[in-house]
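Peer 1: The residues making up each chain are set out below.
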Amino acid sequence: MLRAVTVLLLAVPSIALAQDSVKKELVLSLSYYMNNNRVVYIIANTKTKIDKKFQPVAGLPVNIYLDADSSGNLVEKLITDNNGLAKAVLPPALKAIWDATSKHTFLGKTEATKVYESTTAEASISKSRIVIDTTSDGETKTVSVKVKAFNGTDWVGVPDVEMKLGVSRISGSILSAGEGATYTTDSLGEVTAEFKIIALPGDEKGNIVLVAKVEENEQLGNLTIEKTVPWGIAEKADPGFFDQRTLWSTRFRTPLWLLFMAYSIVIGVWGTIIYLVFQIIKIKKLGTSSAS
Amino acid sequence: MKNPIALTNEEIISDLLPQKFGRRGMIWTGTLLFIALVGLYAYYRQLRYGLVVTHMRDYASWGIYISNFVFFVAISLVGSLITAIFRLANVKWATPLTRIAEIIAVSAIVFASIIIIVDMGRPERFTNLFTHGRIQSPIMWDVIVISTYFCISLLLLYMPLLPDLKIMLRFKETSTKALQKLYKFQGSFWKGTAEQFKVSEKSITILCIAIIPVAFSIHTVTSWLFATTYRPGWDSTNFGAYFISGAFLVGSGGVVVAMYMFRKFYHLEKYITEIHFEKMGRIVVLLCLLYLYFNINEYMVPAFKMKKAEGAHLHELFAGDFAIMFWFAIITGLIIPILVLLFKKGRRPLPMFIIGIMVVVGAWFKRYLIVTPTLLNPFLPMQEVPASYHVYFPSWEEWAIAIGTLAGALLVITFFARIYPIIPIQETITEQHELEEK
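These protein sequences, in sequence, are chains A and B. Position one of the first sequence corresponds to residue 34 (the numbering used here), numbered consecutively onward. Position one of the second sequence corresponds to residue 7 (the numbering used here), numbered consecutively onward.
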């Protein structure tokens, strides 16, 4: 019995040390983004499991390569932020490699650290374009979007690509152009939607921003295209708007009628309360004088 | 049941002087203190870790705290009904109930203020209301009107207490030295002269007149916190009257419960008689019918039109996630009380006590139903929020704080009854003399 306890006591620290030396598993993923057919960038996302939940890994070095893991193909050396994310923009130096083929693979690589094992990740994409066009005959407004991929010689339409299509909101979300939440390209890689949103406030010229967004597509990655159109209602700012005395103005522009009413009531009621406090003082004086 | 006419002054004084806690009183107070302390610990956790310990999120940004606040404000209105309205209407039978009603009003309004500060998350920012507050905001009106109502209620509690303080100073053997010091500080100047009575009576009449519009304002303004917000279930012109009728009902229910408890445990059967229960029963049934009328208005008109968002909100209440709570509140807090109290046997003390509890409990859940389901069904749903934001069930910290404040309010009433006479002694004696003269 004593021997068993001794063996157990000796074994516990070594088991604990063995557990400490086990490195945590790191999950690395890459996402490809292209905005308005120009800016190409990669976002690296790092996560690890802590208390059965995935948590972002901050401050982790990640190297991003284009097609091959060599110094000549290095896109950027990154450090993840507090959300475990890091962004690498495709540099002009890699233009020749980028133009050489129609399909590319981005490689992500983290070196082993004291806490994490080394990890790699890939994101393969086809070079693509997204084009937005609009037509309007006064009453009916139509938005059409074409998604094309490069096959080595020509740009061809990509069918069955799901996308969001509508008006860009300040929050970044999209107000759908029609009744459906998403649209899918036909066999020619095209989507056509009637723009059914009426009386939408625009800027001073009535401009609104149409946006088509392909998200997390296996072949194309994340694509966004925007177009500004004068389909909204022109909202001209009233320079005197904030000078008005209204219920929604600041505290310094309270309507006079409200000030009058509020202060009349407050003065009336608190005047009565103060009067009653004086009555208590009077009762006190009456008591003192009767006692003397 | 003994008629108070048959009692001597000494008997009345002996019966009504504050009594020390017995064994049951100690257990009651200890339990309340324990609940309040658990609430205080939960509040410490909220201060330490932030409002994230609650389950309030972007959708249900007003939860159990605001429901509790509306409940407290509602129950406080009874002070104006029993003390002021009955006094001005010369309703003599209500005299033994005035102080009970007034201490319920004061304790409720104190905890209404506390719970709203708890809901703020950062209590030190309360002063921002005064340094940056806008008089255009109903929240500012609520702050002003609650503080005003508290002051008037306190005066209305204090002024009729002055003659009783003199009596308590006379009977030193029935209280401790510390209490004698307190009585002396508060009322040693009261000599009971005709002039003092004249000034006091005039002041109490002014207070009774002043408290009625302030009481109506306090709950109307609280209803406007909701009605001035464009949301399904709140977008109503009916809200002021709907809230006030509900407030008088829950307040009266609270007074009935307190009447029964004080009568039973302080042996006040000679002063709070079956006639008081009979009359309060009639008032409660009238208020139930009135509140039912406003409920029908509040639900039937939008249900007839069934606008999309209002329809979703009503479906949630009538047959959705909140249906059990909704029908519990309506049946327990309104339908059963009406059915029971319409009959004379239902207006006896014990059935009245049970009905009083049902009214108060039903009213609490009704406030929860006014606040939460509406917030979960906005006209313009938020985008891309976690699924958990679409439901709300309070965390243990929220329950502990809310129940802790309820225990706190009961503690204030309990300690008040330990220190001061819960039935006005001098007024009871005076009324007895008047009856004898007649």
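No lab work stands behind these hints: they were computed from the structure. All values derive from a computational prediction rather than experimental measurement. Treat the hints with care, as some may be off.
What the hints assert, rightly or not - The list that follows gives simulated cross-link-like pairs (lysine-lysine, DSS-like), each with its CA atoms no further than 30 Å apart:
(1) B:Lys98 / A:Lys315
(2) A:Lys128 / A:Lys56
(3) A:Lys269 / A:Lys238
(4) A:Lys229 / B:Lys311
(5) A:Lys197 / B:Lys313
(6) B:Lys276 / A:Lys317
(7) A:Lys197 / B:Lys197
(8) B:Lys26 / A:Lys315
(9) A:Lys318 / B:Lys204
(10) B:Lys26 / B:Lys190
(11) A:Lys147 / A:Lys160
(12) A:Lys229 / B:Lys183
(13) A:Lys315 / B:Lys311
(14) B:Lys26 / A:Lys318
(15) B:Lys26 / B:Lys183
(16) A:Lys317 / B:Lys187
(17) B:Lys314 / A:Lys318
(18) B:Lys314 / B:Lys98
(19) A:Lys317 / B:Lys190
(20) B:Lys350 / A:Lys315
(21) B:Lys183 / A:Lys318
(22) A:Lys315 / B:Lys314
(23) A:Lys315 / B:Lys313
(24) A:Lys174 / B:Lys314
(25) B:Lys204 / A:Lys317
(26) B:Lys208 / B:Lys190
(27) A:Lys317 / B:Lys311
(28) B:Lys314 / A:Lys317
(29) A:Lys317 / B:Lys178
(30) A:Lys229 / B:Lys313
(31) B:Lys270 / A:Lys315
(32) B:Lys276 / A:Lys315
(33) A:Lys318 / B:Lys313
(34) B:Lys208 / A:Lys317
(35) B:Lys444 / A:Lys315
(36) A:Lys318 / B:Lys187
(37) B:Lys26 / B:Lys276
(38) A:Lys317 / B:Lys197
(39) A:Lys80 / A:Lys120
(40) B:Lys311 / B:Lys172
Peer 1: Looking back at the numbered hints, which does the structure fail to meet, lowest number first?
Peer 2: Result: hints 2, 6, 7, 8, 11, 12, 13, 14, 17, 18, 20, 22, 23, 27, 28, 31, 32, 33, 35, 40 break, sorted rising.
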